[in-house]
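Line by line, the protein sequences give chains A and B. Residue 77 in the working numbering sits at position 14 of the first sequence, with consecutive numbering throughout. Residue 135 in the working numbering sits at position 72 of the second sequence, with consecutive numbering throughout.
What the hints contain is simulated information worked out from the structure, not anything from laboratory work. There's no promise every hint is true.
[Claimed, not checked] Mimicking DSSO-like on lysine-lysine, the simulated pairs with C-alpha atoms at most 27 Å apart in a straight line are: (1) A/Lys-160 to B/Lys-160; (2) A/Lys-145 to B/Lys-145; (3) A/Lys-131 to B/Lys-145; (4) A/Lys-131 to B/Lys-160; (5) A/Lys-160 to B/Lys-145; (6) B/Lys-131 to A/Lys-160; (7) B/Lys-131 to B/Lys-145; (8) A/Lys-131 to A/Lys-145; (9) B/Lys-160 to A/Lys-145; (10) A/Lys-145 to B/Lys-131.
Protein chains: 2
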Amino acid sequence: MYKLLQIDFPFTGPFGEEMTAAFGELAATINDEPGFIWKVWTENRTTEEAGGIYLFDGQENAQAYLIKHTERLESFGISGIKARIFDVNEPLSLLNKATLAVAQ
Amino acid sequence: MYKLLQIDFPFTGPFGEEMTAAFGELAATINDEPGFIWKVWTENRTTEEAGGIYLFDGQENAQAYLIKHTERLESFGISGIKARIFDVNEPLSLLNKATLAVAQ
Chain A
64 MYKLLQIDFP FTGPFGEEMT AAFGELAATI NDEPGFIWKV WTENRTTEEA
114 GGIYLFDGQE NAQAYLIKHT ERLESFGISG IKARIFDVNE PLSLLNKATL
164 AVAQ
Chain B
64 MYKLLQIDFP FTGPFGEEMT AAFGELAATI NDEPGFIWKV WTENRTTEEA
114 GGIYLFDGQE NAQAYLIKHT ERLESFGISG IKARIFDVNE PLSLLNKATL
164 AVAQ
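If we strip away everything but chain A, and leave its shape as in the complex, we get (with noise of 0.2 Å):
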């Protein structure tokens, strides 16, 4: 069953273009981790948060990602990461036109 991992902590920067130059070679690597389908990549400079929405192709590979990225987010500095890990309701989210497999 498809999980979703939602993931949101504060932050300072970089944001928008700086954000995309500073990330790109992380965001790669993403594309391997075990069961990853998508990211949304979420920022906010007013309020300065930033997060991620992930899609996974299961409770195993979510959880275990979530782990490791954790340690990796604390060990840039940042704290007071809020994490949760959802059931994708398949049929209302291709009602509403979501993209649930991995992209061809």
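Once you've looked at the hints, dock chain B against the given chain A.
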């Protein structure tokens, strides 16, 4: 600029197939909201939480929907709603296979 609306709240059900049956009609109406692109429906029977991850075409439509949806959830007796609106970092999200356009 794409905006991601992240909502979650305490929820005691219905979950799974019963959620699908209960909210199918509501879901269909969401496709008609101004600027709506997609929604992933999230649910967690164990922690008794549910929510949604929405992509909108911009801040104005995301904000308007958040106000409307918050009022609807409160009319269902739901409180403790946690909502955030984020910018989407498009290059990093596309690198990580996220779908940012309306499905064809």
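field: Pairwise hint evaluation, B/Lys-131 against A/Lys-145, where the allowed Cα distance is 27 Å at most
entry: Holds, because 25 Å separates the two Cα atoms, which is no more than 27 Å.
message: Between the alpha carbons of A/Lys-131 and B/Lys-145, is the straight-line distance 27 Å or under?
response: holds, 25 Å
- prompt: Taken at face value, is the distance from the CA of B/Lys-145 to the CA of B/Lys-131 at most 27 Å?
  reply: holds, 14 Å
- request: Starting from B/Lys-160, check that the Cα of A/Lys-145 is at most 27 Å away, please.
  value: holds, 23 Å
- prompt: Between A/Lys-160 and B/Lys-145, is the straight-line Cα distance small enough, at 27 Å or below?
  reply: Holds, at roughly 23 Å.
- prompt: Are A/Lys-131 and A/Lys-145 close enough, with their CA atoms no more than 27 Å apart?
  reply: holds, 14 Å
message: Run the distance test for B/Lys-131 versus A/Lys-160: straight-line Cα separation, threshold 27 Å.
response: holds, 20 Å
- prompt: Is the hinted pair A/Lys-160 and B/Lys-160 satisfied, with a Cα-Cα distance of at most 27 Å?
  reply: holds, 15 Å
Given pair status - B/Lys-160, A/Lys-131, alpha carbons within 27 Å: holds, 20 Å
message: Check whether the Cα positions of A/Lys-145 and B/Lys-145 lie no farther apart than 27 Å.
response: Judged against 27 Å, a Cα distance of about 12 Å means the pair holds.
Consistency note: the structure conflicts with none of the earlier hints.
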